[in-house]
Amino acid sequence: MTLLDIRGLTVRTADGRTLVDDLSLTLGPGERLGVIGESGSGKSLTTLAVLGLLPEGMTATGSVELAGTQIVGATEKRLTTVRGRDAAIVFQEPLTALDPLMRVGRQLAEPLRGKRRLTGGALKRAVAEALEQVRLPEPDRIARAFPHEISGGQRQRVALAMALACEPKLLIADEPTTALDVSVQAEMLALIDTLVREREMAVLFVSHDLAVVAKVTDRALVMKDGRAVEEGTVERLVRAPREEYTKALVTSARRLESALDLRSAP
Amino acid sequence: MTPVLETRALETTTPVLELDDVALSYRGSAAPVVRDVSLTVRAGHSLALVGESGAGKTTLLRLLLGLARPTAGTVRFDGEPLALRDREQMRRFRRGVQCVFQDPYSSLDPRRRVGAIVAEPLRSLGIADRRTAAPKVAEALERVGLPADAARRYPHEFSGGQRQRIAIARATVCEPRVLLADEPVSALDVTTRVKIVDLLAELKQERGLTLVMVSHDLSVVASLCERTAVLERGGVVEQGDTARVLGDPAHPYTRRLVDSVPRLPG
Chain A
1 MTLLDIRGLT VRTADGRTLV DDLSLTLGPG ERLGVIGESG SGKSLTTLAV
51 LGLLPEGMTA TGSVELAGTQ IVGATEKRLT TVRGRDAAIV FQEPLTALDP
101 LMRVGRQLAE PLRGKRRLTG GALKRAVAEA LEQVRLPEPD RIARAFPHEI
151 SGGQRQRVAL AMALACEPKL LIADEPTTAL DVSVQAEMLA LIDTLVRERE
201 MAVLFVSHDL AVVAKVTDRA LVMKDGRAVE EGTVERLVRA PREEYTKALV
251 TSARRLESAL DLRSAP
Chain B
1001 MTPVLETRAL ETTTPVLELD DVALSYRGSA APVVRDVSLT VRAGHSLALV
1051 GESGAGKTTL LRLLLGLARP TAGTVRFDGE PLALRDREQM RRFRRGVQCV
1101 FQDPYSSLDP RRRVGAIVAE PLRSLGIADR RTAAPKVAEA LERVGLPADA
1151 ARRYPHEFSG GQRQRIAIAR ATVCEPRVLL ADEPVSALDV TTRVKIVDLL
1201 AELKQERGLT LVMVSHDLSV VASLCERTAV LERGGVVEQG DTARVLGDPA
1251 HPYTRRLVDS VPRLPG
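Order-wise, the sequence lines are chains A and B. This note's numbering applies: residue 1 is where the first sequence begins, and numbers increase by one. This note's numbering applies: residue 1001 is where the second sequence begins, and numbers increase by one.
Derived by calculation from the structure, the hints in this document are not laboratory data. Take these hints with a grain of salt, some might be off.
Calculated Cβ distances over 10 Å to all of chain A for the following chain B residues [as the list claims (entries may be wrong)]: (1) Ala-1030; (2) Thr-1058; (3) Ala-1068; (4) Thr-1071; (5) Thr-1074; (6) Asp-1103; (7) Asp-1109; (8) Leu-1125; (9) Arg-1131; (10) Lys-1136; (11) Ala-1138; (12) Arg-1143; (13) Pro-1147; (14) Arg-1153; (15) Phe-1158.
Lysine-lysine pairs mimicking BS3-like chemistry, simulated, CA-CA at most 30 Å apart [what the hints assert, rightly or not]: (16) A/Lys-124 x A/Lys-169; (17) A/Lys-115 x A/Lys-169; (18) B/Lys-1204 x A/Lys-247; (19) B/Lys-1136 x B/Lys-1204; (20) A/Lys-247 x B/Lys-1195; (21) A/Lys-124 x A/Lys-77.
Sample of chain B residues with no beta-carbon within 10 Å of chain A, all distances over it, derived [said to hold, decoys possible]: (22) Ser-1025; (23) Pro-1081; (24) Ala-1083; (25) Glu-1088; (26) Ser-1106; (27) Pro-1110; (28) Gly-1115; (29) Ala-1116; (30) Ile-1127; (31) Asp-1149; (32) Arg-1152; (33) Glu-1175; (34) Glu-1206; (35) Arg-1233; (36) Glu-1238; (37) His-1251.
Fair warning: this is a prediction, and the values are worked out from it, not measured in the lab. Each residue gets a CB set at the ideal place from its N, CA and C atoms; glycine is no exception.
Required output: the full structure, derived from the provided sequences and hints.
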């Protein structure tokens, strides 16, 4: 059984430019797949297409089946039942993902109230639990805070808590740590790994950074100019890339990384 | 090399830029943004300022650029205290110290042609007029690997990496001794990032340019800078030769930074 089945997905702009070109991928329940690509590769549009969230003016053709629901061409009403429950997304910039005028607790309560039909004391407890799950200290204080009053790393944890609120079968993470400091990034990656494992969730993890993807997924798809270039285990892609583009990507990453091998040997 | 010899070798030249026990606090805020920072920038010894968000990296760069005035301590240029009202000194300073910013999309005026953008420092410093600037601009563009016809085009016609080359051409057109760069490659894709790192290394090597770079990317720092200062919450926790600081950190914060960098498998 597949959880996510993308076949021949093509995304075009209103003026006819093709941004995602005949992309296919599948993901089973509990499976993890990394999507690696540089700017303009179409990786983010692909994730948006999975939730029917493509920007206005862009059209998707082909097939995106998420937990048995055809997303391409689905009505907004149908999509609303899918989002959050079947798949939820964490974006790169938590400051734009959260409403700046609403306290964190209230934002987190929305999906819990809407999809899990919780109210009153039960809702308040669920909010606190959701914040504890993402290892936020002092959940009561965080719940009362506005997004600008907490750090970037804490905001991204809140965004993750919101994505997990309805216990989706698939977590989509689009560059979830790119805006974070490196030590915060390390904690966030470990947290995603743990939470997803505990919940046996599937993950679609999008990043431009091979080393970051390797922390969360074993398998990855490389994209360039809207097309799938190569798919395989991260280890194989890094050790023995087959396509020229993957080679260039790995060589660049290795070149930069090798500068860090300072006096590691005595 | 013993530390003593190293220090002596360094002390034989006057630093180009120097921060002497500098602090900066904003009016009304309790904690200073930077405190007790002493740093020297000597010709040929490129310096990296590393640390996480809020550590004060960019503030230090602003102090070094004369864009902010310290509330305590002294900023020196060629051994003299930087006096923002001393027009003659400021002219020498602007000629000797130029800068490049993180985002090549916002740091170039979209309404001006590349040629005029790159010629700007020549004109404002009175080094060349419209006519005599042209060959210098052409040479600067060539040096950064852009085609000669780039001068007639507009910034939007270029990719992110090419725009950063334009910004570097503008900063180097007046042959400065020091280039201050705030996260010069972090907005770029990895394959582009490697190329810009190569370009900066080449400018160091061939033009004798000294870099002062703010970066959170330790591999970029290790690729380009001989010296590294690590900042945490506005103070320098550790500074010295990059190979020593990053290869064998003495401070736990530096160690945590180094250990957090995700590495490629294999």
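Are any of the numbered hints broken by this structure? If so, which, sorted upward? Checked against the structure, no hint fails, so every one of them is satisfied.
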